[in-house]
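Protein chains in written order, with the numbering used here: chain Z, 29 to 214; chain B, 2 to 450.
Bear in mind the hints are in silico, worked out from the structure with no lab data behind them.
It should be emphasised that the depicted structure is a prediction, and the values quoted were computed from it without experimental measurement.
Built from N, CA and C at the ideal position, the CB exists for glycine as well.
Some hints could be false.
Said to hold, decoys possible - Under the rule of at most 27 Å between Cα atoms (straight-line distance), these lysine-lysine pairs were calculated in the DSS-like manner:
#1 LYS39(Z) - LYS194(B)
#2 LYS178(B) - LYS194(B)
#3 LYS39(Z) - LYS232(B)
What the hints assert, rightly or not - Chain Z side only, calculated, beta carbon under 10 Å to chain B, not exhaustive:
#4 TRP37
#5 VAL107
#6 LYS179
To be verified - Here are the in silico distance ranges between beta carbons for each label pair:
#7 ASN349(B) - ASP56(Z): 29 to 37 Å
#8 ASP55(Z) - THR51(B): 51 to 59 Å
#9 ASP56(Z) - THR397(B): 39 to 47 Å
Chain by chain, the residues run as shown.
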Amino acid sequence: MRVLRQRDWSKPVKPVAREVRSALPGDDRYPPLLFVGRPAEFFAEHWLDRCAERGWSAYTVTPRAGRLVGVREHCHDVVQVAASLPRQAVLVGHGPGARWAAAALTRYPARAAVLIDPPARLPDEDVVGPAQVLLVGAAGRALTKAGEHYKVTPTLLSDPRRLTDPSWLYPLEGLLDWLEQTIKPR
Amino acid sequence: MANAPRRWHSVPVDDRGNAVCVIGAGSSGLAAVKNLLEHGFAVDCYDRETGIGGAWNIRHDRSPVYSSTHLISSKPMTQFPDFPLPDHWPDYPHHSQLLAYFERYADHFGLREHIWFGTEVVSADPIENDRWRVRVRPSHGGGAERELSYAAVVVANGHNSHPRTPALPGIEDFRGKVIHSSSYKDAAVLRGKKVLVIGGGNTGCDIAVEAAQQAAGCWHSTRRGYWYAPKYVFGRPADQVNDATQWLPLRLRQWAFHRVLRLTVGDLTRFGLRKPDHKVYETHPIVNSQLVYYVGHGAITPVTDVKRFNARTVEFEDGTEAEPDLVVLATGYAPRFEFLDPGILGANPPRLWLHMFAPRHPTLAVAGLVQPDSGQFPLVHWQTQAIARWLTLRTTNPERAAQIWAGAADRAEWRWTKAKVSATERHWFEVSHVTYLKAVESLLKELTA
Ligand SMILES: Cc1cc2nc3c(=O)[nH]c(=O)nc-3n(C[C@H](O)[C@H](O)[C@H](O)COP(=O)(O)OP(=O)(O)OC[C@H]3O[C@@H](n4cnc5c(N)ncnc54)[C@H](O)[C@@H]3O)c2cc1C
Chain Z
29 MRVLRQRDWS KPVKPVAREV RSALPGDDRY PPLLFVGRPA EFFAEHWLDR
79 CAERGWSAYT VTPRAGRLVG VREHCHDVVQ VAASLPRQAV LVGHGPGARW
129 AAAALTRYPA RAAVLIDPPA RLPDEDVVGP AQVLLVGAAG RALTKAGEHY
179 KVTPTLLSDP RRLTDPSWLY PLEGLLDWLE QTIKPR
Chain B
2 MANAPRRWHS VPVDDRGNAV CVIGAGSSGL AAVKNLLEHG FAVDCYDRET
52 GIGGAWNIRH DRSPVYSSTH LISSKPMTQF PDFPLPDHWP DYPHHSQLLA
102 YFERYADHFG LREHIWFGTE VVSADPIEND RWRVRVRPSH GGGAERELSY
152 AAVVVANGHN SHPRTPALPG IEDFRGKVIH SSSYKDAAVL RGKKVLVIGG
202 GNTGCDIAVE AAQQAAGCWH STRRGYWYAP KYVFGRPADQ VNDATQWLPL
252 RLRQWAFHRV LRLTVGDLTR FGLRKPDHKV YETHPIVNSQ LVYYVGHGAI
302 TPVTDVKRFN ARTVEFEDGT EAEPDLVVLA TGYAPRFEFL DPGILGANPP
352 RLWLHMFAPR HPTLAVAGLV QPDSGQFPLV HWQTQAIARW LTLRTTNPER
402 AAQIWAGAAD RAEWRWTKAK VSATERHWFE VSHVTYLKAV ESLLKELTA
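Take the sequences, apply the hints, and build the full model.
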């Protein structure tokens with residue numbers, strides 16, 4: 029919890045335009061999912077539609093890239109998009125996206141969060157809001173540390189490298205199952 | 002949660018168990034509802050208006066905003082810290098954008114289903130076990146009164162709905178029209194008139210500028226000289242530049258800000274404006290880039306305090322006279338808590354710990370009764386986080402809560418400004434955002450430790 033945010037007040041992150049892609053089901057019983065990672069196309073092509081089929085509205089954004097861009101800018105971009113969604117969002121981050129989502133959790137009260145392959149270095153600020161966090165990844169030091177940080181037991185994936193294999197929807201189905209158990213539909 | 006209705010006087014009292022009652026659905030009330038829900042509380046929020054947004058909803062009868070109102074604090078200093086204003090909005094959004102922002106906040110966090118619109122809180126009284134009996138009734142007549150009991154009450158009724166009108170000698174003899182700025186909605190009423198604007202606050206300055214653009218003439222009467230901070234310095238929102246120097250000692254910051262104003266705005270006395278009798282940061286900042294410009298173009302004539310009104314003319318302390326057709330009293334607003342017994346918040350003005358807690362009533366809290374040298378919503382966000390955590394701690398760890406509370410009574414007298422704030426009536430709840438937020442942060446840490 030950081031109450032005094034002198035840096036954000038006196039030197040706010042520069043505004044940029046962002047591309048947000050989405051797949052929306054007919055009704056929205058569930059809060060929206062926001063996938064963050066790079067490239068956004070990965071989520072856009074393989075996961076968004078499947079989420080919509082299962083009744084979840086799903087969005088994805090890739091934060092800005094470039095020189096002099098750090099986790100502060102990435103976090104800003106994720107929070108801007110999350111706050112623009114109609115309802116309190118669930119953040120799903122993968123790889124570098126897990127780091128950005130973790131940072132965003134210290135600024136935006138997400139409904140829940142899923143961090144796939146969380147980074148070894150997590151933010152030194154607390155999560156704001158009530159988010160329950162699901163950690164998914166390969167057994168290892170990073171995942172254990174993340175489990176201690178968020179005080180949850182991580183879920184092990186047998187082969188997380190296959191995440192980039194487009195046909196492999198297995199982790200997505202698992203995380204949607206978890207979300208459906210964790211979040212009451214409206 | 003509602004048990005079988007209990008009888009209280011003649012009206013059945015609906016026992017709302019552990020629920021918290023929030024009075025008002027303006028920016029402060031919405032933050033209270035959101036943060037209480039986030040901490041697991043059931044919440045009933047009442048607003049006598051039919052929509053959210055309070056002051057920022059220009060359709061509300063009591064809204065103090067006028068069609069040209071924009072924020073005077075820039076976006077990063079103003080937004081709720083966990084729900085940023087959109088990147089594609091300007092540095093100083095329009096009041097209609099602020100309302101849209103609160104609408105989105107309410108939808109995003111699912112707040113509306115907890116708000117009872119068109120419902121006025123008539124009274125809130127302490128009953129046994131630190132609980133509260135709250136009487137509500139439909140605000141537009143018809144329908145019965147109801148009584149409910151709550152575990153706690155959060156007062157978020159705003160402090161901009163009751164116009165403050167000073168005693169002005171002879172005003173009853175004056176034949177021209179007199180309005181309070183609360184009923185000023187747009188410049189149409191100024192057109193072709195000779196206008197006297199009384200009051201040097203942000204609203205008074207805004208209306209003087211509109212009169213300069215639209216009216217046949219404009220006098221601007223202020224009690225004292227002010228520092229008119231521009232909205233931009235060095236091409237950046239002035240409050241952001243100012244915050245970049247918060248780590249410097251106050252004296253140095255005051256010196257530096259005086260220098261900047263001297264270099265950018267210039268010597269105000271050259272324009273016939275009075276020299277401020279105080280240093281910057283000692284009163285609520287006046288942010289207006291246009292006032293000095295119009296004074297310099299002769300479209301605004303600065304005058305001193307009113308000495309007396311005559312049938313057609315107004316005399317000022319400095320001996321000058323004006324002959325206005327229309328007088329706009331931009332003399333501010335006074336906080337009022339009609340639904341509370343006068344003793345509950347302490348003396349008048351209320352003496353509250355951190356401008357929030359009444360020392361004798363641990364389950365009563367006020368949100369939004371602060372006037373910061375920055376945007377108000379971040380402060381209210383952290384206030385309502387603290388209120389939610391305080392109420393939580395009272396049930397999870399009563400001993401620890403009692404310890405913290407024991408210190409509260411002594412601290413009710415404290416002020417949370419760095420500079421010595423001018424002691425006029427309207428300045429008692431003025432705070433420096435840095436000093437105040439530091440104090441709230443340490444309370445939050447105490448409550449979660
Ligand atoms: C012209 C103007 C410009 C401003 N500019 C800025 C700015 O740039 N930046 C900034 O941060 N602040 C600014 N402010 C300060 C402003 O007060 C706050 O921004 C904010 O709107 C206050 O919100 P609130 O919720 O505390 O009160 P309000 O918005 O007044 O809301 C109070 C609500 O309580 C309801 N209510 C009251 N009594 C009862 C009752 N008995 N029963 C039921 N409902 C009740 C009312 O209907 C209302 O909806 C400005 C104020 C004015 C007047």
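Hint check results:
1. LYS39(Z) - LYS194(B): violated, 44 Å
2. LYS178(B) - LYS194(B): holds, 10 Å
3. LYS39(Z) - LYS232(B): holds, 16 Å
4. TRP37: holds, 4 Å
5. VAL107: Interface hint status for VAL107(Z): holds (6 Å vs cutoff 10 Å).
6. LYS179: violated, 15 Å
7. ASN349(B) - ASP56(Z): 29 to 37 Å: violated, 49 Å
8. ASP55(Z) - THR51(B): 51 to 59 Å: About 28 Å separates the Cβ atoms of ASP55(Z) and THR51(B), which means 51 to 59 Å is violated.
9. ASP56(Z) - THR397(B): 39 to 47 Å: violated, 34 Å
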